[in-house]
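Asks: Okay, here's what each chain looks like letter by letter:
There are 4 protein chains.
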Amino acid sequence: MNGRPSDVAPDSLLNLQDALRKFSAEREWDKFHSPKNLAIALNVEAAELLEHFQWISDVDSADLMPATRKQVGEEMADVLIYLVQLADKLDIDLTKAANEKLQHNAEKYPVDKARGSSKKYSEL
Amino acid sequence: MNGRPSDVAPDSLLNLQDALRKFSAEREWDKFHSPKNLAIALNVEAAELLEHFQWISDVDSADLMPATRKQVGEEMADVLIYLVQLADKLDIDLTKAANEKLQHNAEKYPVDKARGSSKKYSEL
Amino acid sequence: MNGRPSDVAPDSLLNLQDALRKFSAEREWDKFHSPKNLAIALNVEAAELLEHFQWISDVDSADLMPATRKQVGEEMADVLIYLVQLADKLDIDLTKAANEKLQHNAEKYPVDKARGSSKKYSEL
Amino acid sequence: MNGRPSDVAPDSLLNLQDALRKFSAEREWDKFHSPKNLAIALNVEAAELLEHFQWISDVDSADLMPATRKQVGEEMADVLIYLVQLADKLDIDLTKAANEKLQHNAEKYPVDKARGSSKKYSEL
Numbered sequence: 000m001n002g003r004p005s006d007v008a009p010d011s012l013l014n015l016q017d018a019l020r021k022f023s024a025e026r027e028w029d030k031f032h033s034p035k036n037l038a039i040a041l042n043v044e045a046a047e048l049l050e051h052f053q054w055i056s057d058v059d060s061a062d063l064m065p066a067t068r069k070q071v072g073e074e075m076a077d078v079l080i081y082l083v084q085l086a087d088k089l090d091i092d093l094t095k096a097a098n099e100k101l102q103h104n105a106e107k108y109p110v111d112k113a114r115g116s117s118k119k120y121s122e123l
Numbered sequence: 000m001n002g003r004p005s006d007v008a009p010d011s012l013l014n015l016q017d018a019l020r021k022f023s024a025e026r027e028w029d030k031f032h033s034p035k036n037l038a039i040a041l042n043v044e045a046a047e048l049l050e051h052f053q054w055i056s057d058v059d060s061a062d063l064m065p066a067t068r069k070q071v072g073e074e075m076a077d078v079l080i081y082l083v084q085l086a087d088k089l090d091i092d093l094t095k096a097a098n099e100k101l102q103h104n105a106e107k108y109p110v111d112k113a114r115g116s117s118k119k120y121s122e123l
Numbered sequence: 000m001n002g003r004p005s006d007v008a009p010d011s012l013l014n015l016q017d018a019l020r021k022f023s024a025e026r027e028w029d030k031f032h033s034p035k036n037l038a039i040a041l042n043v044e045a046a047e048l049l050e051h052f053q054w055i056s057d058v059d060s061a062d063l064m065p066a067t068r069k070q071v072g073e074e075m076a077d078v079l080i081y082l083v084q085l086a087d088k089l090d091i092d093l094t095k096a097a098n099e100k101l102q103h104n105a106e107k108y109p110v111d112k113a114r115g116s117s118k119k120y121s122e123l
Numbered sequence: 000m001n002g003r004p005s006d007v008a009p010d011s012l013l014n015l016q017d018a019l020r021k022f023s024a025e026r027e028w029d030k031f032h033s034p035k036n037l038a039i040a041l042n043v044e045a046a047e048l049l050e051h052f053q054w055i056s057d058v059d060s061a062d063l064m065p066a067t068r069k070q071v072g073e074e075m076a077d078v079l080i081y082l083v084q085l086a087d088k089l090d091i092d093l094t095k096a097a098n099e100k101l102q103h104n105a106e107k108y109p110v111d112k113a114r115g116s117s118k119k120y121s122e123l
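Each protein sequence line maps, in turn, to chains A, B, C and D.
The opening position of the first sequence corresponds to residue 0 in numbering that gives the first Met the number 0, with each subsequent residue numbered one higher.
The opening position of the second sequence corresponds to residue 0 in numbering that gives the first Met the number 0, with each subsequent residue numbered one higher.
The opening position of the third sequence corresponds to residue 0 in numbering that gives the first Met the number 0, with each subsequent residue numbered one higher.
The opening position of the fourth sequence corresponds to residue 0 in numbering that gives the first Met the number 0, with each subsequent residue numbered one higher.
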């Protein structure tokens with residue numbers, strides 16, 4: 000965390016990670032934050048996010064009421080918070096991992112084969 | 000997405016969002032990516048992450064074998080990818096939402112009341 | 000488990016519970032089967048079930064290919080297996096709990112108010 | 000559903016299935032109950048179940064407070080309700096599927112190899 004320039008991007012995950020460390024330390028919550036428990040908490044929040052889409056159509060899900068959209072944003076924030084905390088505990092660089100995964104997916108799903116298909120790579 | 004400085008941080012989520020837009024557009028996958036479906040996909044990946052912690056203890060979850068840790072990182076990458084795509088579709092600023100949520104949690108869980116407790120704020 | 004009539008229904012959950020007890024005992028798996036771990040496993044299987052519906056429409060989900068329907072049935076079996084094991088550990092009578100919940104829901108969602116609406120009872 | 004003897008076991012899933020059909024029909028909720036939506040609802044309830052175990056230890060999860068245990072039972076009831084409704088829509092015999100899965104697992108995890116191990120069958 001050291002040596003980071005002070006002019007980090009406003010969407011920096013490292014900034015968030017720092018703030019979450021401070022938040023947990025102040026409350027002595029680290030003892031609850033085993034990777035296993037954080038993975039559980041992440042799943043609970045992911046499901047609370049999903050709950051908002053439970054009975055609505057695909058089309059309606061793209062046109063949420065403002066109050067629902069706000070709640071959805073808060074559930075997404077919770078997912079990100081636990082994801083960043085878990086990454087911190089396991090010393091995983093999240094954005095690096097995501098960019099590598101995307102590169103990997105680009106190889107698994109070549110444009111000419113995958114275009115317009117929702118098939119798994121193993122079935123293409 | 001406009002007006003963003005070219006010197007964005009390497010952990011920028013907006014960079015990842017741009018790359019994911021390009022990836023989906025090239026494969027014509029946007030038609031599958033309703034917010035509802037992205038929320039489902041996020042849950043599926045979150046559970047694949049959780050699967051790695053299924054039968055192990057809290058203590059062992061903090062000391063994963065290198066191969067497991069690598070797989071866990073890949074599942075976390077998948078969660079982040081769907082989270083960023085969903086945020087893009089719903090026009091939600093993820094890091095802003097997370098920082099606001101953290102501020103909100105700081106009020107719900109004052110240090111003196113929450114210290115060392117895993118109780119819900121409503122039970123403090 | 001005692002005193003159960005020998006002519007139990009073929010769809011008896013108690014029969015299944017007995018078989019699962021025997022299965023776990025023979026493999027010495029009870030040490031892994033804390034309620035917490037069983038709840039995790041149940042969620043992992045529920046998500047594997049959901050994965051089959053990930054990119055398909057509501058309409059298509061009611062008309063699965065035979066091979067997919069078979070796999071879906073197997074994931075549902077896994078969910079039921081963990082649900083029955085968890086109920087056994089916590090000494091919960093599953094079908095009784097479900098029938099009571101249904102009775103409770105009937106009061107929360109009176110026919111004349113709930114007809115045709117997917118709103119939560121608190122919003123009716 | 001026809002031809003079922005009137006003396007079905009009290010833990011019969013078919014009884015529950017009948018009651019759920021009636022419940023949904025009266026409220027005209029079948030239009031919401033696509034298999035896809037039911038699978039989502041099942042996951043949401045499974046996560047509400049998991050939430051109760053989120054920050055507690057394996058040991059404590061086997062010794063819940065009575066009020067918590069009651070809530071856990073209600074979440075498990077919800078999971079069973081959606082599981083039975085999904086099985087009804089897809090015409091899947093749940094207990095038969097579970098018993099077949101158990102038989103299948105007995106072959107995948109032979110007693111002498113699986114004893115005391117939480118490894119996946121592919122790693123035994």
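None of these hints come from the bench; they were simulated from the model.
Careful: at least some of the hints might be erroneous.
27 Å max Cα-Cα, derived DSS-like pairs, lysine-lysine [what the hints assert, rightly or not]:
id: 1; chain 1: B; residue 1: K88; chain 2: A; residue 2: K107
id: 2; chain 1: C; residue 1: K95; chain 2: B; residue 2: K107
id: 3; chain 1: A; residue 1: K30; chain 2: B; residue 2: K119
id: 4; chain 1: B; residue 1: K21; chain 2: A; residue 2: K88
id: 5; chain 1: B; residue 1: K100; chain 2: B; residue 2: K88
id: 6; chain 1: D; residue 1: K118; chain 2: B; residue 2: K119
id: 7; chain 1: D; residue 1: K21; chain 2: C; residue 2: K30
id: 8; chain 1: A; residue 1: K107; chain 2: B; residue 2: K118
id: 9; chain 1: B; residue 1: K107; chain 2: A; residue 2: K112
id: 10; chain 1: B; residue 1: K118; chain 2: A; residue 2: K95
id: 11; chain 1: D; residue 1: K88; chain 2: C; residue 2: K69
id: 12; chain 1: C; residue 1: K119; chain 2: C; residue 2: K95
id: 13; chain 1: C; residue 1: K118; chain 2: A; residue 2: K69
id: 14; chain 1: B; residue 1: K88; chain 2: B; residue 2: K21
id: 15; chain 1: A; residue 1: K21; chain 2: A; residue 2: K107
id: 16; chain 1: A; residue 1: K69; chain 2: B; residue 2: K69
id: 17; chain 1: D; residue 1: K69; chain 2: C; residue 2: K69
id: 18; chain 1: D; residue 1: K112; chain 2: A; residue 2: K88
id: 19; chain 1: D; residue 1: K21; chain 2: C; residue 2: K21
id: 20; chain 1: B; residue 1: K88; chain 2: A; residue 2: K21
id: 21; chain 1: D; residue 1: K88; chain 2: C; residue 2: K21
id: 22; chain 1: C; residue 1: K30; chain 2: D; residue 2: K88
id: 23; chain 1: D; residue 1: K21; chain 2: D; residue 2: K88
id: 24; chain 1: B; residue 1: K88; chain 2: C; residue 2: K107
id: 25; chain 1: A; residue 1: K69; chain 2: B; residue 2: K88
id: 26; chain 1: C; residue 1: K21; chain 2: B; residue 2: K119
One side of the interface only, derived from the structure: several residues of chain A facing chain D at Cβ under 8 Å [said to hold, decoys possible]:
id: 27; residue: F31
id: 28; residue: N42
id: 29; residue: L49
id: 30; residue: E50
id: 31; residue: V58
id: 32; residue: A66
id: 33; residue: Y120
Examples of chain D residues toward chain A, derived with CB under 10 Å [unchecked claim]:
id: 34; residue: L13
id: 35; residue: Q16
id: 36; residue: D17
id: 37; residue: A18
id: 38; residue: E25
id: 39; residue: F31
id: 40; residue: N42
Don't be surprised by glycine CBs; every beta carbon is placed ideally from N, CA and C.
Asks: Could you check if N42 of chain A really has its C-beta closer than 8 Å to a C-beta on chain D?
Replies: holds (6 Å)
Asks: K21 of chain B and K88 of chain A were given as a pair; does the straight-line alpha-carbon distance stay at or below 27 Å?
Replies: violated (31 Å)
Asks: Are K30 of chain A and K119 of chain B close enough, with their CA atoms no more than 27 Å apart?
Replies: Holds, at roughly 16 Å.
Asks: Classify the hint on E50 of chain A as holds or violated, based on whether any CB of chain D lies nearer than 8 Å to its CB.
Replies: With a closest approach of 5 Å, the E50 of chain A hint holds.
Asks: Let me know if the C-beta of D17 of chain D comes in closer than 10 Å to any C-beta of chain A, holds or violated.
Replies: violated (23 Å)
Asks: Take the C-alpha atoms of K21 of chain A and K107 of chain A, compute the straight-line distance between them, and say whether it is at most 27 Å.
Replies: violated (40 Å)
Asks: Given the hint that K88 of chain B pairs with K107 of chain C, does the C-alpha gap stay at or below 27 Å?
Replies: violated (35 Å)
Asks: Would the hint linking K69 of chain D and K69 of chain C be met if the CA-CA limit is 27 Å?
Replies: Violated, at about 34 Å.
Asks: Within 27 Å, alpha carbon to alpha carbon, are K88 of chain D and K21 of chain C?
Replies: violated (31 Å)
Asks: Would the hint on L49 of chain A stand, with a C-beta cut-off of 8 Å toward chain D?
Replies: L49 of chain A check passes; min Cβ-Cβ to chain D is 6 Å, inside 8 Å.
Asks: For the pair supplied as a hint, K118 of chain B and K95 of chain A, confirm whether the alpha-carbon distance does not exceed 27 Å.
Replies: violated (34 Å)
Asks: Starting from K88 of chain B, check that the Cα of K21 of chain B is at most 27 Å away, please.
Replies: holds (14 Å)
The structure fails to meet hints 2, 4, 6, 7, 8, 9, 10, 15, 16, 17, 18, 19, 20, 21, 22, 24, 26, 31, 32, 33, 34, 35, 36, 37 and 38 from the earlier list, while all remaining hints are met.
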